[in-house]
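Undergrad: So you can see what is in the structure, the chains are spelled out below.
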Amino acid sequence: MGEEKKKSEKLTIVLHSGDMDKAYSALIIANGALAMGMEASIFFTFWGLQRLRKDKAFAFPPAGLEKGPLSKMNFLGLGKWMIKQRMKKANVVSLEKLMADFKELGGKVIACDMTMEIMGIKPEDLRQEWIDECGGVGGFIQEARESGVVLFI
Amino acid sequence: MGEEKKKSEKLTIVLHSGDMDKAYSALIIANGALAMGMEASIFFTFWGLQRLRKDKAFAFPPAGLEKGPLSKMNFLGLGKWMIKQRMKKANVVSLEKLMADFKELGGKVIACDMTMEIMGIKPEDLRQEWIDECGGVGGFIQEARESGVVLFI
Amino acid sequence: MGEEKKKSEKLTIVLHSGDMDKAYSALIIANGALAMGMEASIFFTFWGLQRLRKDKAFAFPPAGLEKGPLSKMNFLGLGKWMIKQRMKKANVVSLEKLMADFKELGGKVIACDMTMEIMGIKPEDLRQEWIDECGGVGGFIQEARESGVVLFI
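Protein chains in written order, with the working numbering: chain Z, 3 to 155; chain F, 3 to 155; chain Y, 3 to 155.
Where hints are given, some of them may not hold.
If several chains are the same, the list does not tell them apart, and a pair holds so long as it fits within one copy or across any two.
What the hints assert, rightly or not - Taking lysine-lysine pairs in the DSSO-like style, the calculated list, with each CA pair at most 30 Å apart, reads: (1) Lys69 x Lys56; (2) Lys9 x Lys69; (3) Lys124 x Lys8; (4) Lys9 x Lys58; (5) Lys124 x Lys9; (6) Lys9 x Lys90; (7) Lys91 x Lys124.
No wet-lab data here; the hints were simulated from the structure.
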């Protein structure tokens, strides 16, 4: 205890998926944890890291927080469009807003440096206003072993 | 200790996926935990929540516990049919039976209320005999921070 | 603590997915944990178990550690080939090498016996040099409840 938070009071997520619905789950869970007084970190890797890239019209794989497909029944974007319409009607906020809340509540964003090297992504390609650090697996393990809740999404 | 179970004695699963093979993994793990004296909760969200809906011939997305596709090599249902045949031969029980066991062993089913709102699902559309409560992210975080094992599936 | 490792010093992964990118994430995380002095176990189940099968030209589903598709944008293998090229350029080692390191660092490989029965896989079909034991959900729960970090991949 003392200087260190109790283990159960920290949440760490690996966001490996770049799917829209999974990014929603990750940020809603993380923001819920922050709202309840926990610490929260998200480690963006592989397809997930594409969501931290600046929006670009013709990037491959698609770049930008709102640019991920649905994990199922995407139907070339039609399913995603339908889900987004229903979300609007149910007053669910955008991923952009969820990320802004995550940062404001003190959440920590870590960009996977190995994915950056593999995909040829430079720091200036990423939304720097969100990123707390670039790191590798060692940093993740350090976060995870201090966390009571660790999720791979 | 005392009134509260030891943290390691509780398992919480978020079932985000609606895939048949992942529903099997979730229920087999949860029932294993219950059989070994742990508590277990499953929080059904997004595609996973579709598995709690009453069977319907033409629902979109498909509704019903046995109606999920395979996560890979589904081939319009052919792969799923093959896996089901092999499961029958290996005496693996149905999802319906696994869910009945889960409930009988004291497992807790939570239906995600935000998904219900987004997808326009009403309580009467769900298999009420299974559901212990409808809840949001706050309830999940509460379960998760008391759990020694938390899985996102 | 005495004879038993502290709970936070152990990592357990269920590898349900057979996707190449997810096998990379699982082994990189597990090897990172081992390198930092933790214990690590991977429980290979369902599609993940196919990665422990001996390479075969026409197996269905595809057998062999390097034979998994990408989880997204596989494009009949083209996307996977591109990612592999980029990995080579970034000096990322093969899954074969990661598995050899995992074993050398003391990692434990458990093959799911229920999947073997469903898929008709015999022990001699698997890479025996990697496998520490065949086991079921009971063994997994035992590992998981002793682990500080448990991931479903």
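Undergrad: With 30 Å as the alpha-carbon cut-off, assign the pair Lys69 and Lys56 to within, between, both or neither.
TA: Classified as within; 10 Å inside a copy, 32 Å across copies.
Undergrad: Under a CA distance limit of 30 Å, which applies to Lys9 and Lys69: within one copy, between copies, both, or neither?
TA: neither (34 Å within a copy, 38 Å between copies)
Undergrad: When no copy is specified for Lys91 and Lys124, does a C-alpha distance of 30 Å or less occur within a copy, between copies, both, or neither?
TA: between (37 Å within a copy, 15 Å between copies)
Undergrad: Indicate which option fits the pair Lys9, Lys58 if close means a Cα-Cα distance not exceeding 30 Å: within, between, both or neither.
TA: For Lys9 and Lys58, the Cα distance exceeds 30 Å both inside one copy (39 Å) and across copies (44 Å).
Undergrad: At most 30 Å between C-alpha atoms: does Lys124 with Lys8 qualify within a copy, between copies, both, or neither?
TA: neither (36 Å within a copy, 39 Å between copies)
Undergrad: Check Lys124 against Lys9 for me: Cα-Cα at most 30 Å, and say if that holds within a copy, between copies, both or neither.
TA: neither (34 Å within a copy, 38 Å between copies)
Undergrad: Between Lys9 and Lys90, at a C-alpha cutoff of 30 Å, which is it: within one copy, between copies, both, or neither?
TA: neither (36 Å within a copy, 38 Å between copies)
The structure fails to meet hints 2, 3, 4, 5 and 6 from the earlier list, while all remaining hints are met.
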